[in-house]
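Protein chains: 2
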Amino acid sequence: MIRTSVRASSRVSSRLLVGKSVTVPVTQGIANLFVSGVANNKKLSSFHSGTRFYSDKPQPKLTVENYPNVKRLDSFKKLGKQDLDYFQTVLSQQEILEANENEDLAFYNEDWMRKYRGQSKLVLRPKTTEQVSKILKYCNDQNLAVVPQGGNTGLVGGSVPVFDEIVLSLTQLNKIREFDDVSGILKCDAGVILEAADMYLAERGYIFPMDLGAKGSCHVGGIVATNAGGLRLLRYGSLHGTVLGLEVVLPNGEIVNSMNALRKDNTGYDLKQLFIGSEGTIGVVTGVSILCPTRPNAFNVSFLGVESYEAVQKVFVQAKKELGEILSAFEFMDLKSQNLTKVHLADMDHPLSDDHPFYILIETSGSKKDHDDAKLEAFLENAMEEGLVLDGVVAQDETELKNLWQWREMIPESSQAGGGVYKYDVSLPLKDLYSLVDAANAKLEESGLSSIEDESKPVISAVGYGHVGDGNLHLNVAVRRYTKEVEKCLEPFVYEFVSSKNGSISAEHGLGFQKKNYIGYSKSDQEIKMIKQLKNLYDPNSILNPYKYV
Amino acid sequence: MIRTSVRASSRVSSRLLVGKSVTVPVTQGIANLFVSGVANNKKLSSFHSGTRFYSDKPQPKLTVENYPNVKRLDSFKKLGKQDLDYFQTVLSQQEILEANENEDLAFYNEDWMRKYRGQSKLVLRPKTTEQVSKILKYCNDQNLAVVPQGGNTGLVGGSVPVFDEIVLSLTQLNKIREFDDVSGILKCDAGVILEAADMYLAERGYIFPMDLGAKGSCHVGGIVATNAGGLRLLRYGSLHGTVLGLEVVLPNGEIVNSMNALRKDNTGYDLKQLFIGSEGTIGVVTGVSILCPTRPNAFNVSFLGVESYEAVQKVFVQAKKELGEILSAFEFMDLKSQNLTKVHLADMDHPLSDDHPFYILIETSGSKKDHDDAKLEAFLENAMEEGLVLDGVVAQDETELKNLWQWREMIPESSQAGGGVYKYDVSLPLKDLYSLVDAANAKLEESGLSSIEDESKPVISAVGYGHVGDGNLHLNVAVRRYTKEVEKCLEPFVYEFVSSKNGSISAEHGLGFQKKNYIGYSKSDQEIKMIKQLKNLYDPNSILNPYKYV
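Chains as they are written, first to last, in the numbering used here: chain E, 1 to 550; chain Z, 1001 to 1550.
These are computed hints drawn from the structure, not numbers from a lab.
The reader is advised that the hints may include incorrect statements.
Said to hold, decoys possible - FRET-style restraints, in silico, Cβ to Cβ:
(1) Z/1524 <-> E/202: 32 to 38 Å
(2) E/78 <-> Z/1073: 45 to 51 Å
(3) E/445 <-> Z/1526: 56 to 62 Å
(4) Z/1528 <-> E/78: 52 to 58 Å
(5) E/202 <-> Z/1453: 52 to 58 Å
All residues carry an ideal CB built from backbone N, CA and C; glycine is no exception.
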């Protein structure tokens, strides 16, 4: 599979030791703290692209076997010869993939996590928006169910069929349409790979206003359809602010085009917003117009140790104030997550020699390196003098910068290295962000399921880390083996806890198939009613991405 | 009227001379260019708040007299005694204003431009969301038309009644609900005045992520309902990105509450987006949750002369690159606009002694003054060495900073000082931004309607200025008197021109009553159909803000 090679690049080699970083014990003061940065952010970006690891898992069971309660809707027609005949009038033979004895269409039927597997017999890969329109109109008229699919890197089973839905792959709709190098507005097809878009922009001095681990595979249309958050949200805000226009094909084949939209346009409801984060349930995004900022040319990364989650919050407020406009990432990690990562990255030295209850990774990016260096240095000096930061290092070159990021980015892989991992991606009010990890550990211990040493226990530990700037916590429950008891202990406990704090049960991954039934933990009955109204308005036959979302 | 006093504060007094600014002729090089800034941005903000001037106009004719083709909808019931009885069960006597011989409710019936005047006999001023809900449910059940009204500072007649609609004023729903000084999330009632919200935030080291001239009167709910753009869009992006949650009452009285939303929440369609910019046609915003950035503590302003609109664009690209994260405003003005302003501000010296075809005002705001100064100085040095900038000054203190802004902010008033002004607020692709001004002047001259000297001609000149960063042009046609010929010459010419360049006929002012019939110049039939679908979905009886929008 193509994606294995793309996604297998994340292994940390021994070349990447944090050898040269300057560790500054608090007793030593900040005098030796040497601040340095990295100008080549192209390489930084590609570094970010390799943290997935799931594809080594064995082929999953069919989704229908795992979820026998989910039934195929009788209203959907089964694919017939005459349907294929019609699609052949719209698409060339190369644009139609049929399942046969040699081809099970596994790439299109299986999700990236290898948790879900559908049974589609037909993949359509149109090259134009008009082809998408004709396909959807026909499917709507004929009651044929359709799953729109981008790079298929989603984490909630939203991009693969459950039964025999037709896969509508946007892979071949992949042209950059236009770039305005004065305004920074990029217009491109939905199927353009995020990394390709960002590299195109890099050559012109601009940057794509979001970034995420799967950038080498995921599509620009896919990130819009799922409202992906990713690594630059703290700096550039959400796609609801940066996407200026969309081209969307509705289930009935009608094309809604706002690709000419400018930065300001107050004439009518902002229709495109409905499709950002709609996960392919009310329309298929075929084109994206997005505002891209000027590419920063200086990056700094610092890795700090602090004594409590309260200190994490205080350092965050201080960083917003002193680093201001150049702060581009503020990530926190707990000691447990770093202990797991130390085991996994056994041939690397941890950036900080002593243990600390919490760690912080701060990234700055700006237009002038010596200014950024001075701001970071002053900020760290103050934070250490105030006793907020106990220890810290600052990357001196690009290799060190990458290495520091590794201690954040390798947590997911490290969490599952002991056997497996239950992953939760939630949002919580900042003050409550870490309380979920404590609560989960307490619950697992009370239940007698958890022990770091005792290998007879299924759970090793629950660890927490995430994007403080976005209020986004990743709770990973590292396990030695998956058991029904652990699942029962965690669910719906985690969702109930998040709901009790007015959090979101899906900060950035979406609902898809996995969380369809849990939307009530994040949305009121009134909101769910309105969501269903809209689904019914645009897709009355429910042909788009059925069995998911709502 | 209260608003006269608030809005009359913009007159420039002779105290505000740009005496101390250092003008640097290009021959003199950049060595003397002294860059300075201002730390007290509270005063800066209040400076921004006083550029309105319309309230001196006489009371307008009734809208129904000016627009006899617009007919009252028969489906709406006329207000009766039993309706008042009901409202008295919901609101106290102080919250109900009835028209009588001493009170024509002019403040609520007339718009700020004094172009429109309705005939409402009843103003309801609820203090709670529950009261809003009861009022709307009753009005919906009884087919009573309602106009939601915030600060009533809109420019398109969207916030005042056309006939006898009940005015639902949000003025008394005006509490700050909550502020989280770690995340920067502010939650407040819709009726909080923008300036009050910003001052509340200033005391806590934060800033409201948008700003506009009417900040002393307009409501937070109003700017959300109209998706106001304003002065900080270049830096902080649109409200679609910064608003995290809303509390909205639907026409049937149902309350949709997403006030607990966090920065990331991917569970369902982003319903709140529909109400941002809906101009009170599908729901009444009663609460707003918004993400506020840390307040910058250093401001710089520079005023530059360049030789062409092409040079304006080049300087913009250069500013984005070199000023990067601290660029907070990039405004341009043509020579004609400055000539009118020189007449109007006759007791002030223009910042630049020689005439230039175009002028640019650049504002930076950042977290560290000496860094900002150095960046601005280096940027100006390069721009002058390359011959892009012919002349320029940089404010040395807060007074000068305000004075430089005056030459941009007083253009509207100066444009109408000769008798009157036709104002157009449009968005165009950046490369075409100024072409509309040239085209309008050419058309007016061809038609023999325009002359700067000849006072027998109705038109003095068309002038252009605006927010380059947002692609937002203000076209002001300064006239000696309003005539049908001028109107016929300008409309639909301006809208057709904008449409031919794929621009927007309303960049930030909205549709309201004024532009309702012109939406087709900016939106496709498909989009208009979808907008009407949504209006019908949420407001099937059309009780909310009728005769406007769509």
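Could you work out which earlier hints the structure fails to respect and list their numbers in ascending sequence? 4
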